[in-house]
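Trainee: Single-letter residue listing:
Number of protein chains: 2
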Amino acid sequence: MFKKILYPTDFSELSDKALKYVIRLKEIGTEEVVVIHVIDKRTIKVFSKLYWQEFSITDKTLKEKAQAALTPIEEELKDNGFRVKVLVAEGIPFREILRAEVEEDIIATVIGAHGASNVEEMLLGSVAEKVIRKAQKPVLVIKG
Amino acid sequence: MFKKILYPTDFSELSDKALKYVIRLKEIGTEEVVVIHVIDKRTIKVFSKLYWQEFSITDKTLKEKAQAALTPIEEELKDNGFRVKVLVAEGIPFREILRAEVEEDIIATVIGAHGASNVEEMLLGSVAEKVIRKAQKPVLVIKG
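Those sequence lines, one after another, are chains A and B.
FYI, in this note's numbering the residues of the first sequence are 19 to 162.
FYI, in this note's numbering the residues of the second sequence are 19 to 162.
In isolation and in its complexed conformation, chain A is listed as follows (with noise of 0.2 Å):
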């Protein structure tokens, strides 16, 4: 039922959380996860101006960086009996964890969700509301 399943992760603890979660699905038959990591650089660009010696960070350098944290949630998978994908994306977070809904194939997502929204989330919406709005298949939201 929940054989291949799609987990993003922006690296926080409540992603943690989740791929805690995830790792518990082997009990119940998941055999393939597809990890993505979206890189926004909207707020790459309002980093880099809170923190000007920062904007010399280059795409070639996000993407680095953002394989090297995704390796050892790759690993901890493996270990775990998971069959892996690894996708590092760029753009709007929720757009491209949908589109990898969608081309993937997957079964359904699990993705973490903070309960108390702060004031940027009660304005745009947060990236797991959004993509609980929009996915196709099911979600599974694992609680902050």
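It is worth saying that the hints were derived from the structure and are not from the lab.
Any given hint could be a false lead.
Any copy, or any two copies together, can satisfy a pair, since identical chains are not distinguished.
[To be verified] DSS-like cross-link-like pairs, simulated, lysine-lysine; straight-line CA separation at most 30 Å: (1) 44 / 59; (2) 21 / 96; (3) 155 / 78; (4) 83 / 22.
Please build the complex by placing chain B on the supplied structure of chain A, with the hints as guidance.
Mentor: Using the frame of chain A, we list chain B on its own:
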């Protein structure tokens, strides 16, 4: 992992779709389903104003109608080998669902959610969205 599930229904087509999903959870070890329907008196008030001839509906009638609509759901679940508990609550739906989540000590909630929100939902947030936001346990969202 999904031994005891909470399944809220408003008897909509979408709730019915979620029920089909709940039944499939048997494959992955779900044993018990707590079915809840919440009688929302706010909606009934609006409805009564629109259709004044219904104004005389009593609380007893409402509960009986809900029970009658829940019976085939209960039977379908039992026929599929689940233990079933049926709750009819009165109040604000998302609050009663969240109360059941805690009191019944369930492992996850399975709920249907529409993708495209209508105007009312955009203003108020759908029941599903509020449940997803405020739930303590994982929520499996089935898309309409």
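Trainee: Is it within a copy, between copies, both, or neither that the alpha carbon of residue 83 lies no farther than 30 Å from that of residue 22?
Mentor: Intra 26 Å, inter 41 Å, cutoff 30 Å: intra-copy only.
Trainee: As a check of your reading, is residue 21 near residue 96 (CA-CA no more than 30 Å) within one copy, between copies, both or neither?
Mentor: both (15 Å within a copy, 26 Å between copies)
Trainee: Given identical chains, is residue 155 near residue 78, meaning Cα to Cα at most 30 Å, within a copy, between copies, both, or neither?
Mentor: neither (33 Å within a copy, 39 Å between copies)
Trainee: Cα distance capped at 30 Å. Does residue 44 pair with residue 59 within a copy, between copies, both, or neither?
Mentor: neither (34 Å within a copy, 43 Å between copies)
Checked against the numbered hints given earlier, the structure breaks hints 1 and 3 and satisfies all the rest.
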